[in-house]
Amino acid sequence: MEHKIKNVVFDVGNVLIDFCWERHCRRLGYTEDIIQSFGKQMVSSDCWDRLDEGTMEETEAIEEFVRRMPQYEAEIRKFWDTAEGFVEEYPYAAPMMDLLHKKGYKVYLLSNYPLHMYEIHWPTFAFFKKVDGYVVSAVERLKKPDPAIYHCLCDRYGLIPEECLFIDDRMENIEAARQVGMEGICFQSVEQLQKESQIFSEE
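Last residue of the sequence shown: 203 (the working numbering), numbering continuous.
Hint data in this document are derived by calculation from the structure and do not stem from the laboratory.
Computed from a predicted model, the values in this text were never measured in an experiment.
There's no promise every hint is true.
As the list claims (entries may be wrong) - Derived pair list, reagent style SDA-like, types lysine to any residue, alpha-carbon separation capped at 20 Å:
1) K4 / S197
2) K143 / D46
3) K195 / A93
4) K130 / V15
5) K143 / T55
6) K78 / T31
7) K195 / D169
8) K40 / P95
9) K143 / D49
10) K130 / P91
11) K130 / K143
12) K129 / R156
13) K130 / R23
14) K78 / R23
15) K103 / G133
16) K78 / K4
17) K4 / I185
18) K106 / E163
19) K4 / V15
20) K106 / G184
21) K40 / R50
22) K78 / E60
23) K143 / R23
24) K4 / P161
What the hints assert, rightly or not - Restraint-style ranges between C-beta atoms, simulated for each label pair:
25) E162 / D33: 47 to 57 Å
26) D33 / S201: 38 to 48 Å
27) G158 / S201: 37 to 47 Å
28) K129 / D18: 33 to 43 Å
29) T55 / Q198: 37 to 47 Å
30) T124 / V190: 38 to 48 Å
31) Q194 / E73: 21 to 31 Å
C-beta atoms are modelled at their ideal positions from N, C-alpha and C, and glycine is treated no differently.
Produce the complete structure using the sequences and hints provided.
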């Protein structure tokens, strides 16, 4: 299988970065009740999906979150004003890119990510400077697991799906990648990647 793989395509959230919004809330001094409400009414909401899709502006989403949780208006606005704080790059991410390049693979990103957060977060990631290309859902107005976003990546960079290995933490996204012809591994840990594929072995 692996002799034909030439490109490794990564999801970003919970694979290369920690989406640590709850920890960020605790740093801001928010109670567990607020964090629980944010999880249900904001992070897991239809509005967040629309942010990922690029079909809703961040300012519009914030006003909708305030409408849904008016008692937490100040906390919501502070959360979004400090948006740079709710992701952290995993320390293995950039070295993994270096290893893959050293072994002759091209590296790409394919991520569901809100537009403004992409603009403020991604330039700060060390691994972002090492990739050969990327597709962001909110920019394209396409979202995994829609097969069209996988085709968008391949068409843009001239990739053959059968030569791509896709890494994502959601099984539905892996299944969609396989449907378009890619290999796929549902991410759990770096150690798991190394066990499942020689591509990630340091030997």
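Hints and how they fare:
1. K4 / S197: 13 Å, holds
2. K143 / D46: Holds: K143 and D46 sit about 13 Å apart, inside 20 Å.
3. K195 / A93: 17 Å, holds
4. K130 / V15: Roughly 16 Å separates the two Cα atoms, so the pair holds.
5. K143 / T55: 11 Å, holds
6. K78 / T31: 14 Å, holds
7. K195 / D169: 16 Å, holds
8. K40 / P95: 35 Å, violated
9. K143 / D49: 9 Å, holds
10. K130 / P91: 14 Å, holds
11. K130 / K143: Answer violated: K130 to K143 is near 23 Å, above 20 Å.
12. K129 / R156: 18 Å, holds
13. K130 / R23: Distance ~28 Å between K130 and R23 Cα, so the pair is violated.
14. K78 / R23: Measuring from Cα to Cα gives roughly 14 Å; hence the hint holds.
15. K103 / G133: 18 Å, holds
16. K78 / K4: 48 Å, violated
17. K4 / I185: Holds, at roughly 16 Å.
18. K106 / E163: 10 Å, holds
19. K4 / V15: Status violated; Cα separation ~23 Å.
20. K106 / G184: Roughly 16 Å between the alpha carbons, so the hint for K106 and G184 holds.
21. K40 / R50: Distance of about 15 Å is within 20 Å: holds.
22. K78 / E60: 16 Å, holds
23. K143 / R23: Answer violated: K143 to R23 is near 26 Å, above 20 Å.
24. K4 / P161: 11 Å, holds
25. E162 / D33: 47 to 57 Å: 49 Å, holds
26. D33 / S201: 38 to 48 Å: At roughly 46 Å between Cβ atoms, S201 and D33 fall inside 38 to 48 Å, so the hint holds.
27. G158 / S201: 37 to 47 Å: At 27 Å between Cβs, range violated.
28. K129 / D18: 33 to 43 Å: 19 Å, violated
29. T55 / Q198: 37 to 47 Å: 40 Å, holds
30. T124 / V190: 38 to 48 Å: For T124 and V190 the Cβ distance comes to about 21 Å; the hint is violated.
31. Q194 / E73: 21 to 31 Å: 46 Å, violated
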